[in-house]
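K.L.:
Here the protein sequences line up with chains W, B and P, keeping their order.
Count the first sequence with this note's numbering and you get residues 1 to 263, in order.
Count the second sequence with this note's numbering and you get residues 1 to 263, in order.
Count the third sequence with this note's numbering and you get residues 1 to 263, in order.
These are computed hints drawn from the structure, not numbers from a lab.
Warning: the hint list may mix true and false statements.
Copies of the same chain look alike in the list, so a pair counts if it works inside one copy or between any two.
Only pairs whose alpha carbons sit at most 25 Å apart, straight line, appear in this in silico DMTMM-like list of lysine to aspartate or glutamate [unchecked claim]:
1. Lys-121 / Asp-154
2. Lys-121 / Glu-104
3. Lys-121 / Glu-193
4. Lys-121 / Glu-61
5. Lys-121 / Glu-147
6. Lys-121 / Glu-162
7. Lys-121 / Asp-144
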Amino acid sequence: MSTITLTTDFGLADWYVGAMKGVIRARAPAAQAIDLTHQVAPGNIRQGALALRCAYAYFPEGTVHVAVVDPGVGGPRPPLAARSRRFGFVGPDNGVLALALAAEGECAVRRIENPALILPKVGNTFHGRDVFAPVAAALAAGLDFAEVGPEAADWTRLPWPEPRRWAWGWAGEVVHVDRFGNALTNLPSRLIEGFAPAQVRVRLPRGRTCPVGSCYAAVAPGRAVAVPGSSGFLEVAVRDGQAAPSLGLRAGAPVRLAIGPAR
Amino acid sequence: MSTITLTTDFGLADWYVGAMKGVIRARAPAAQAIDLTHQVAPGNIRQGALALRCAYAYFPEGTVHVAVVDPGVGGPRPPLAARSRRFGFVGPDNGVLALALAAEGECAVRRIENPALILPKVGNTFHGRDVFAPVAAALAAGLDFAEVGPEAADWTRLPWPEPRRWAWGWAGEVVHVDRFGNALTNLPSRLIEGFAPAQVRVRLPRGRTCPVGSCYAAVAPGRAVAVPGSSGFLEVAVRDGQAAPSLGLRAGAPVRLAIGPAR
Amino acid sequence: MSTITLTTDFGLADWYVGAMKGVIRARAPAAQAIDLTHQVAPGNIRQGALALRCAYAYFPEGTVHVAVVDPGVGGPRPPLAARSRRFGFVGPDNGVLALALAAEGECAVRRIENPALILPKVGNTFHGRDVFAPVAAALAAGLDFAEVGPEAADWTRLPWPEPRRWAWGWAGEVVHVDRFGNALTNLPSRLIEGFAPAQVRVRLPRGRTCPVGSCYAAVAPGRAVAVPGSSGFLEVAVRDGQAAPSLGLRAGAPVRLAIGPAR
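So here's chain W without its partners, still in its complex pose (with noise of 0.2 Å):
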């Protein structure tokens, strides 16, 4: 019944991901393995580390959460596993890991270095089928958390971009673009709590602004609109359309978002 998630840039393509799944069925047979996705873009470790981070508490208690943006396969970087109180956590220490850490709060954070748990022959371009699947099945199996190595002294983290106070009101930037063309910003809902519609305005690249609306019906069809998104922050999105490419939004982009008296 134990459940373990997969985040990847390995596509679905290739058999990359089923070869992860065979060892991990093989493995733990009774554990669910589900994709979170495998469509980061290659080496994108910040867009892998979001993906976990924004998805992984959906899962039940005791899930293993396995993340593999690794363009540093096969060089120093160590394999690592954590757990917090209520989840476990496989991937390289590269930062795919560190947003969902510290969403967690307190981890013991291990390297991963008993030759038990992993495949017979570890090749160099791999580990997400060598290491990491094998690691996963194991702790989702009940292996004692101690045994996959030494604790680690210190792990990379991944600086998350806060937004920033002025007398105008905050500035945020774009974190994410999705397959809707909405634009995930850093800038959380709870910033335009007890402000009237009327007081608040987002100002975006080129000089545009939108409102903020409750919902993507708050304006016309083709308009522009910054809803309180799914995952706890801003998102700007276009009614029936793709903001994104439209008002020339994506990751890294200014939003910024100004309260103020009702105009």
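Got chain W; can you put chains B and P on it based on the hints?
P.N.:
Relative to chain W, chains B and P alone:
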């Protein structure tokens, strides 16, 4: 052992489907979530409805089918749950369930209004995760259907383009183009029963025609043929090729089945 | 607890894979269906055969592997089921199973002819759903293999391009390009065993060469390197880049392993 299927326009690049599966896994640990497709074009209700219609009946009795193509999320459209003799259905009241419900015949339909069934904080952008996944999980775990909410006085149908009878045969249209470039039509395969192949012919846009055959290999490579497809309708294919782009076929394109004396 | 893997060219945009999983779920409720890939290029038998070959052995004993890349569906090619000491295999007799069967060694191969195992109305376009899924489900549920149908007197092999020995080393070719743009070759990694890195060099099209390294990080970012890949063959990569498009590598492109005195 219960089963939940998922049909959405969420794509696989973001973590949205993963988050839905997390909610299902947490609330119905014994259920299996199976993807029908997540690559419905964003907001294309008809395409989602067709995918569900063509696949749902192959699942075991008791399966709960979730369809979320929901451009009006957060707006006034109510969330629905339905039950036929064999299956459960969950999704927004915008037509995405309609073709499957019509195929099932007699169905009980209720509005989802029981707050105990859904996530504590429901936003206005992601009812797949916050409303539909937990309700599907509850139904799969054995919830009494009447607990979902009050009976729906009415719900949104989706008109199906019925082919029209003419003296020369039947006028139909393309309803879907698949990955192989095959163009599925609304012309039931039974329309050609009892006729010899030489008596029937399919007329395509731009003045082209193709024969009807029993399988793709009925014509030479590169040639077009209409075959009885896997969903009960004639489909236009090009052997070892892509019919839709080469023949100008897309959803809505007219396709005529001419029936006459052998030529 | 049994396992069925699926390898097809159906893609994920249509409901075809979902329908196969419905049939499996209905007929083998205790089996788990796991995707290897569904994004084999339409009709590319060799690509499907390679994916199956590279992933199948990571699954637990008793797994039934289904591969459906079947441009001749509905034509004369028979449907096959095979059994090795460890695994079951199901698919059309066109070579898509051949590389895995060759790797397994001794196999029993039968033609699927038992009408009790397949769907009541089998069409000519979707044997994945109508024939292969139900037979795989039956085998996973414990069907006696001999019940499938008569022994196949012969079945279609798929020639594997063996590298050729020359005075200067080995002449091979690219067999697959993956999502990262890495070019997998048919040159077994063991060919470089016993040689110092300075003694071996890989010659690519257009007069280019690259060194052999133990991992991607063996070269500077942007530089090409041949590394022992995860499937037992040398693969050509560009560190933090896409080797195949930048180096003109695609399936069939010549790749030569030059072995000589240290330079």
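K.L.:
Evaluate each hint against the coordinates.
P.N.:
Now the hints, each set against the structure:
For the identical chains of this complex, Lys-121 and Asp-154 are neighbours neither inside a copy (27 Å) nor across copies (36 Å), given an alpha-carbon limit of 25 Å. In the homo-oligomer, the alpha carbons of Lys-121 and Glu-104 lie at most 25 Å apart only across protomers (19 Å), although the nearest pairing inside one protomer, at 34 Å, exceeds that limit. In this assembly of identical chains, Lys-121 and Glu-193 lie within 25 Å of each other by CA distance solely across copies; the values are 15 Å between and 55 Å within a copy. Taking the shortest Cα distances, Lys-121 and Glu-61 sit within 25 Å of each other only across copies (19 Å), while inside one copy they are farther apart (32 Å).
Within a single copy, Lys-121 and Glu-147 get their C-alpha atoms as close as 20 Å, which meets the 25 Å cut-off; across copies the closest is 38 Å, which misses it. When the C-alpha separation of Lys-121 and Glu-162 is checked against a cutoff of 25 Å, the pair qualifies only between copies, where the shortest distance is 24 Å, while the shortest distance within a copy is 43 Å. In the homo-oligomer, the alpha carbons of Lys-121 and Asp-144 lie at most 25 Å apart inside one protomer (23 Å), although the nearest pairing across protomers, at 35 Å, exceeds that limit.
Hint compliance for this structure: hint 1 alone is broken.
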